[in-house]
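Residue numbers (my numbering), protein chains in the order written: chain X, 1 to 575; chain G, 1 to 239.
Think of the hints as simulated: they come from the structure by calculation, not from any bench. Any given hint might turn out to be false.
[Said to hold, decoys possible] Only some residues are given here: those of chain G computed to face chain X with a beta carbon under 7 Å:
1) Y42
2) G57
3) S87
4) F90
5) P100
6) G102
7) S103
8) A113
9) A115
10) C120
11) C150
[As the list claims (entries may be wrong)] Think about it this way: if two alpha-carbon atoms lie no more than 25 Å apart in a straight line, the pair counts; the simulated DSS-like pairs of lysine-lysine are:
12) K119(X) / K102(X)
13) K375(X) / K43(G)
14) K371(X) / K187(G)
15) K182(G) / K480(X)
Backbone N, C-alpha and C fix where the C-beta goes; we use that ideal spot for every residue, glycine too.
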Amino acid sequence: MPTLAPPLSETGQDLSPLSAAAAVLAKFPAGSITPQEGLDQPTWIVDREILLDLARELRDNPATQFDMMMDLCGVDFPDRSPRFDAVYHLYSVPRGARLRLKVPLDEDQPLPSLIPVWKTANWFERELFDMFGLQVTGHPNLRRLLTHEAFQGHALRKDYDPARRWILTEDKMYQPHFDLPEGGDDLFERMTVNIGPSHPAMHGTFRLMAVLDGETIVASDVEIGYLHRCFEKMSETHTWNQVIPYTDRLNYCSSFINNVGYCRTVEKLLGVEVPPKAVWARTILSEFSRIMDHCVCNGTTLVDAGALSNFWYMFQPREEIYGLLESCCGARLTVSYGRIGGLSQDLPPDFMERSRRLLEIIPPFVSDVEKLVDKNRIWLDRTVGVAAISGAEAVNWGWTGPCLRASGVGYDVRRAHPYDLYDTVDWEVPVLFGGDVYDRYRIRMLEIRESLKIIRQLLDRGMPEGPWITADPHVALPPKEACYNQMESMIYHFKLIMDGIQVPAGEVYSMVEGANGELGFYIISDGTSKPYRNHARGPCFPIFSTFSRLINGGSLSDAIVSLGGLNVIAGELER
Amino acid sequence: MSQPLASPAGTSPAPPSPPAPPAGRPVWKGPNPPHPTATRPYKPSLAERLYLPLLGGLMVTMRHFLKNLFGAKMYTIQYPEERRDYSHRFRGHHILTTRPDGSVRCVACYLCAQACPAECIHIEAGEHPDVNIEKYPVVYEIDMLRCIFCGYCVDACPEEAIIMSNNYDMAYFNREQSIVGKGDLMKPYTFDEDRLGYRPRYPEEDAKRSKMRRDAFNLVDEARKAREREETAAARDRV
Numbered sequence: 001m002p003t004l005a006p007p008l009s010e011t012g013q014d015l016s017p018l019s020a021a022a023a024v025l026a027k028f029p030a031g032s033i034t035p036q037e038g039l040d041q042p043t044w045i046v047d048r049e050i051l052l053d054l055a056r057e058l059r060d061n062p063a064t065q066f067d068m069m070m071d072l073c074g075v076d077f078p079d080r081s082p083r084f085d086a087v088y089h090l091y092s093v094p095r096g097a098r099l100r101l102k103v104p105l106d107e108d109q110p111l112p113s114l115i116p117v118w119k120t121a122n123w124f125e126r127e128l129f130d131m132f133g134l135q136v137t138g139h140p141n142l143r144r145l146l147t148h149e150a151f152q153g154h155a156l157r158k159d160y161d162p163a164r165r166w167i168l169t170e171d172k173m174y175q176p177h178f179d180l181p182e183g184g185d186d187l188f189e190r191m192t193v194n195i196g197p198s199h200p201a202m203h204g205t206f207r208l209m210a211v212l213d214g215e216t217i218v219a220s221d222v223e224i225g226y227l228h229r230c231f232e233k234m235s236e237t238h239t240w241n242q243v244i245p246y247t248d249r250l251n252y253c254s255s256f257i258n259n260v261g262y263c264r265t266v267e268k269l270l271g272v273e274v275p276p277k278a279v280w281a282r283t284i285l286s287e288f289s290r291i292m293d294h295c296v297c298n299g300t301t302l303v304d305a306g307a308l309s310n311f312w313y314m315f316q317p318r319e320e321i322y323g324l325l326e327s328c329c330g331a332r333l334t335v336s337y338g339r340i341g342g343l344s345q346d347l348p349p350d351f352m353e354r355s356r357r358l359l360e361i362i363p364p365f366v367s368d369v370e371k372l373v374d375k376n377r378i379w380l381d382r383t384v385g386v387a388a389i390s391g392a393e394a395v396n397w398g399w400t401g402p403c404l405r406a407s408g409v410g411y412d413v414r415r416a417h418p419y420d421l422y423d424t425v426d427w428e429v430p431v432l433f434g435g436d437v438y439d440r441y442r443i444r445m446l447e448i449r450e451s452l453k454i455i456r457q458l459l460d461r462g463m464p465e466g467p468w469i470t471a472d473p474h475v476a477l478p479p480k481e482a483c484y485n486q487m488e489s490m491i492y493h494f495k496l497i498m499d500g501i502q503v504p505a506g507e508v509y510s511m512v513e514g515a516n517g518e519l520g521f522y523i524i525s526d527g528t529s530k531p532y533r534n535h536a537r538g539p540c541f542p543i544f545s546t547f548s549r550l551i552n553g554g555s556l557s558d559a560i561v562s563l564g565g566l567n568v569i570a571g572e573l574e575r
Numbered sequence: 001m002s003q004p005l006a007s008p009a010g011t012s013p014a015p016p017s018p019p020a021p022p023a024g025r026p027v028w029k030g031p032n033p034p035h036p037t038a039t040r041p042y043k044p045s046l047a048e049r050l051y052l053p054l055l056g057g058l059m060v061t062m063r064h065f066l067k068n069l070f071g072a073k074m075y076t077i078q079y080p081e082e083r084r085d086y087s088h089r090f091r092g093h094h095i096l097t098t099r100p101d102g103s104v105r106c107v108a109c110y111l112c113a114q115a116c117p118a119e120c121i122h123i124e125a126g127e128h129p130d131v132n133i134e135k136y137p138v139v140y141e142i143d144m145l146r147c148i149f150c151g152y153c154v155d156a157c158p159e160e161a162i163i164m165s166n167n168y169d170m171a172y173f174n175r176e177q178s179i180v181g182k183g184d185l186m187k188p189y190t191f192d193e194d195r196l197g198y199r200p201r202y203p204e205e206d207a208k209r210s211k212m213r214r215d216a217f218n219l220v221d222e223a224r225k226a227r228e229r230e231e232t233a234a235a236r237d238r239v
């Protein structure tokens, strides 16, 4: 089982390709690349003329090997010329290294499409066009992605009023973009089938339009955006702490991991120390959330294939874990338990017993499902070899998480860039090589067991004593007793609620391993109480952009099973 | 899958060395293997192709069937007759707490409205006749359809004037009803500690303690009643 390259520090400062940077820089005209100093990651400001060549060079140069485009987002600086930044986050899976490219450009300056280099650029560039109105040359289907076709303006521009509303009419609907193969249509007339957005097999609100030849999908297109909630725009109008309930709704099957991801990013910018008890609890509850998410994914995939009992067996552990989360924070689904600097409240007194009980409850259900379907030929026939994708291709499409590990690439943020307590416990990164729906199912089952292993070790270590949130009164609310009885605490309380946390100006990208892969937050602060830009890199977004590629050529029923196996969560995909 | 794991340490100029992983875990030191360009799907064995493992699966469902038939714990909850037990931290319908004289504790400081991420709290302040209190809410409304039950209002309140109950039954016939005013917020469950939810400084121990206090009070009460009964009986006997 391949284990990843030696873990680098999360900042990525010890970037080995930077030693090769000189070689890359020398290949381009002087002044077209300017390294920016003093940021959390190596950052280059790049001229848009050379972007495509630079991208190809960074990917193919054996000294850099940036084989994954992790993220692309725009930033608007209305008072600056050029006005926009397109920010690329590149990642080198073999080296565990990160690089940020910033391309400053104006509205009338088109960006070259990077689809020839990284296929995952397709949807990211459409999102950039949708949200900022930036043009991309060479894009095959540059249309709105998250907002409706009848939407006017570009929502993430700073001069766009967040309260603005539009009437969306049916005459401006999204017209599907099919890459139809030539000929081969002699026996049947091709038929276009529309599935969703509110179809039970679509797991949320996706719309799939497929051109069928008999039962085979010849070409397909998906439309998303039905659950777009303007997460990023709303973040800019709320204080740093008020964003936490919004992050719950990203991947709502494992909302605590989103809390952790967001809080860690802000903490990195603030430089706040999180108390050991909070770190310990965050690790344990993140793993429980991961188990829950995998249970939901496997249960629903199996029920899509007609195996109903597994649905019950998989959802019972989830139900029990919700009980634990509810006893911690008072809510089951949208927990809002993380706070910047720690947790919102202390762990309940019976946390240890409840967690230990869960460790006993969960494995029998998991092994029941394994006994039912692991070697079951009906399930094997439905899934083995279905929607298969090789590791190299998956990396090019920007996949992370269990789906990537099912394709033979053992990239796991918890191992490659350890955070919290993951580097102090003994666990494995399961890797399978099938790349199909069956291996995606298997890898989730294996990961549930690894998560249980992590939790068991941490519980054996015992709960650390001490506070659950930092004592810094500029970050965390003072305890209520102090607030009622001491003038100073009262002032801090009022200041924090009225003004919010003052985060120093800067930018940071930080990631955690979400249940579906790398959940990254790219945050820019201008030193005020509200985020200047808060971009969430949901792992589902690149994964679902591959969906057409996965299902083309297969049968329609395979498309349903493969959608379940990808575990696309609309909340995270459309933000 | 078999890669050379040994590589002399110190070849890469990584400045901050990460903490050492636990012993026994193989650490990959050399260049990583290239990403696989082809897939190797699972190959079913002969037994699997003959559908034999299905029998094992049938055993599992049969076990569950029999267990459920003969009185194992059923997981289904017959809502609304049965209800799930929630902890004392449950974030449900809000409560505006009152002073001993029955007036609302809220001093209309607007902190909850400010802290609310969903902007669902509407307050209109008025002047309180008591100068020590200064203000009170003339209007205090929460739009329950907007509310996301995050508990930020409870965290923000400096007076313990807004807390949450564990009541999650909220159904309305129209949107106007969902805007809950001061009267409705002050009404529910104020005296029943079992129905309280998320609130500051009321963790489980406190709840247990208050229950013990109530039980102790009940015991004293019972004892007093018993004594009175005995006394009346004795008086009757004397007569």
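A quick look at each hint next to the structure:
1. Y42: With a closest approach of 5 Å, the Y42(G) hint holds.
2. G57: 4 Å, holds
3. S87: Status holds, d = 4 Å.
4. F90: Since chain X brings a Cβ to about 5 Å from F90(G), closer than 7 Å, the hint holds.
5. P100: Violated, because the Cβ-Cβ distance from P100(G) to chain X comes to roughly 17 Å (cut-off 7 Å).
6. G102: 22 Å, violated
7. S103: Because about 19 Å separates S103(G) from the closest Cβ in chain X, which is outside the 7 Å limit, the hint is violated.
8. A113: 10 Å, violated
9. A115: 5 Å, holds
10. C120: 12 Å, violated
11. C150: 4 Å, holds
12. K119(X) / K102(X): Holds, at about 19 Å.
13. K375(X) / K43(G): With a Cα-Cα distance of about 10 Å, the restraint between K375(X) and K43(G) holds, given a limit of 25 Å.
14. K371(X) / K187(G): Violated - the C-alpha atoms of K187(G) and K371(X) are around 53 Å apart, more than 25 Å.
15. K182(G) / K480(X): It holds: about 24 Å lies between the C-alpha atoms, which stays within 25 Å.
Comparing the model with each numbered hint stated earlier shows that hints 5, 6, 7, 8, 10, 14 do not hold.
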